[in-house]
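Asks: Letter by letter, the chains look like this.
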Amino acid sequence: MSAATEAPLLELDGLVTEFRTGGAWHAALRGVSFALARNETLALVGESGCGKSVTALSIMGLLPPANSRIAAGRIRFAGRDLVGLSEEAMRKLRGNEISMIFQEPMTSLNPVLTVGFQVAESLRYHRGMEGQAARRAALELLDQVKIPAAAQRFDDYPHQFSGGMRQRVMIAMALACRPKLLLADEPTTALDVTIQAQVLALLAELKSAYGMAMIFITHNLGVVASIADRVAVMYAGAIVETAAVDELFARPTHPYTEALLRTIPRVDEDSAGLAAIPGQVPPLSAMPPGCRFAPRCALREAECEATDPALAPLPAAADHRVRCRVRAPATAAPRHA
Amino acid sequence: MTESIAAVPVERPAAAHWLLQLRRAFNANATSWVGLVVFLVIVALALLAPLIAPYDPLDQDIISRLEGPSAAHWFGTDSYGRDTLSRLLWGARLSLVIGSVSILSAMLIGGTIGIVSGYVGGKFDLVVMQAMDVLLSFPSLIMGLMVVAMLGPSMGNLIIAIALTAIAPFARIARAPTIAVKERDYIEACRALGYSDLRIMAVHILPNIMAEILVMGSLWLATAIRTEASLSFIGLGVRPPVATWGGMIREGFENILDSAWLSIFPSLAILLVVFSLNMLGDGLRDAIDPKLRGGE
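Line order of the protein sequences matches chains W and L. Position 175 of the first sequence, counted from 1, bears residue number 175 in the numbering used here, the numbering being contiguous throughout. Position 162 of the second sequence, counted from 1, bears residue number 162 in the numbering used here, the numbering being contiguous throughout.
These are computed hints drawn from the structure, not numbers from a lab. You may find that some hints are simply not true.
[As the list claims (entries may be wrong)] In the DSS-like style, the derived pairs of lysine-lysine whose C-alpha atoms are separated by at most 30 Å in a straight line are: (1) 123/L x 182/L; (2) 207/W x 92/W; (3) 207/W x 146/W; (4) 123/L x 92/W; (5) 180/W x 182/L; (6) 92/W x 146/W; (7) 92/W x 182/L.
Fair warning: this is a prediction, and the values are worked out from it, not measured in the lab.
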């Protein structure tokens, strides 16, 4: 792929996003950096509260302005820094060049407007299409996301659609203006497994048809294997391990990644119960000073609780980077950021 | 009646959703139908007044003054010999026009204030709603008195006065559901699609709260007609000789002991309109209970 020589489509550089709770600002993202090439799919993986969705909302500029802010870092998209871009300019990007689909298809469509209207609306708004032209284009989109008998269902209301069909409609809306980047925030979590597989296949198909880059947020590693090119595992607001998808599954290196993989139930082994990672993500206001994962880590050493390791490449594979001073000891230099 | 409505095909609902919602509400509640029918009959009579009124409402016939109900004058005549039925029909036009224009303006202005205030939230919402509370603290009749006393009695000023009293309640009724709706996922999805705040409010929030506003409108129309009658009764309404219901009651009041029908018929007309609108509004309000709307 020539992606390596091109400038990346999206590049996050040391992104720090903070939330205000109880009068003090706490970092929900602590220096997140990654680059995404055109046509590439990056999976952001991690358990609830680790900053996956905050990353997506930061890129979209949809964080609530009253109690959140981007304190440091840059978000470069197609050569422009989105941090500090005016709301007006962001609005022109949203739904047009960057789109997002959400977890809950059942509540993400307006119940009082017809499905067809909602799909056509984005075209009318961003592309200035009118009347029949917008209707035709919207119908075509509904066909592309494989809504059966789209023409008959065009004027139906969302409550007449099933969850999987609604998620297809959401995808049609998000892709209406052929965005360069799609942020999919757990788009299949609320769907049952067969529908999930259909939606994933659809997303993969549309992604290559449209030549989009995609950030796929999930806590389901099974989904990651089937859709992603690269994976970034997040924990407590930072990327702890990133690698190509095959590499990550073959050689999970960070203890957290390992633990996540262990939690996937296997059909070929007998086990008494489901594996779990003890403890939970520490709250924003009470982050441990050293490695954020140290309190839950089996490999913990005294030094882990004092210094926060940096994300550094493994000696064997430069593209595989890990934030752990035990597993990647060369990278244990203390970070004073 | 209910059947003909239910026969409209549901497979392809072309009507806006809030219309469907109102239709469901009608079907669920028979009293709202009765209210609607009675009200529509009154509106029809008012519209047809030039055709069906037996006499000119301003024609004086001094020979036959203060006559009781008879074949020639069904509802009798007043102290100038004018036909009460004709004046009642023409007066209905005025009452309904004043009532509906003032309530429609209040709906528009109050509804906009409520949606914007609820949507923007924060300190803006606080300030706006306190201003509305100040408006609310005046009883509608007192507010009407003040405005008409300041601007002078005329149809336009009456409309302004009544609209002013109704803006605050509409702002409140629009604000509450706006606050609930703006937190829904589909509004977040609208933001992710880059829609402007104006578009989100007008296209995505308004149809969600339209039914509530309309129900409130039918109840407040009754209040507006009552306020108009009250102001006319105390001489602050449209000037004589134009027929208004409140004015007719007052004129009849001067002869209440020997010609009671002069006050009774316009009073009954007001009663009927207010009653029908309240039946309509109450029935709909029961049916559009927020608890029943959650499942959509």
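Asks: Next step is simple, just say for each hint if it's right about the structure.
Replies: Hint check results:
Taking the CA atoms of residue 123/L and residue 182/L, the gap is near 17 Å; set against the 30 Å cutoff, the hint holds. Between residue 207/W and residue 92/W the alpha-carbon distance is near 21 Å, which keeps this suggested pair within the 30 Å criterion. Proximity of residue 207/W to residue 146/W is assessed by CA-CA distance (about 15 Å); at most 30 Å being required, the pair is judged to hold. For the given pair, residue 123/L sits about 28 Å from residue 92/W by alpha-carbon distance, which is consistent with the 30 Å threshold.
Our distance criterion of 30 Å between C-alpha atoms is met by residue 180/W and residue 182/L, whose separation comes to about 28 Å. Of the supplied pair hints, the one linking residue 92/W and residue 146/W holds, its CA atoms being roughly 28 Å apart against a limit of 30 Å. A hinted pair counts as satisfied when its Cα atoms are at most 30 Å apart, and residue 92/W with residue 182/L qualifies at roughly 21 Å.
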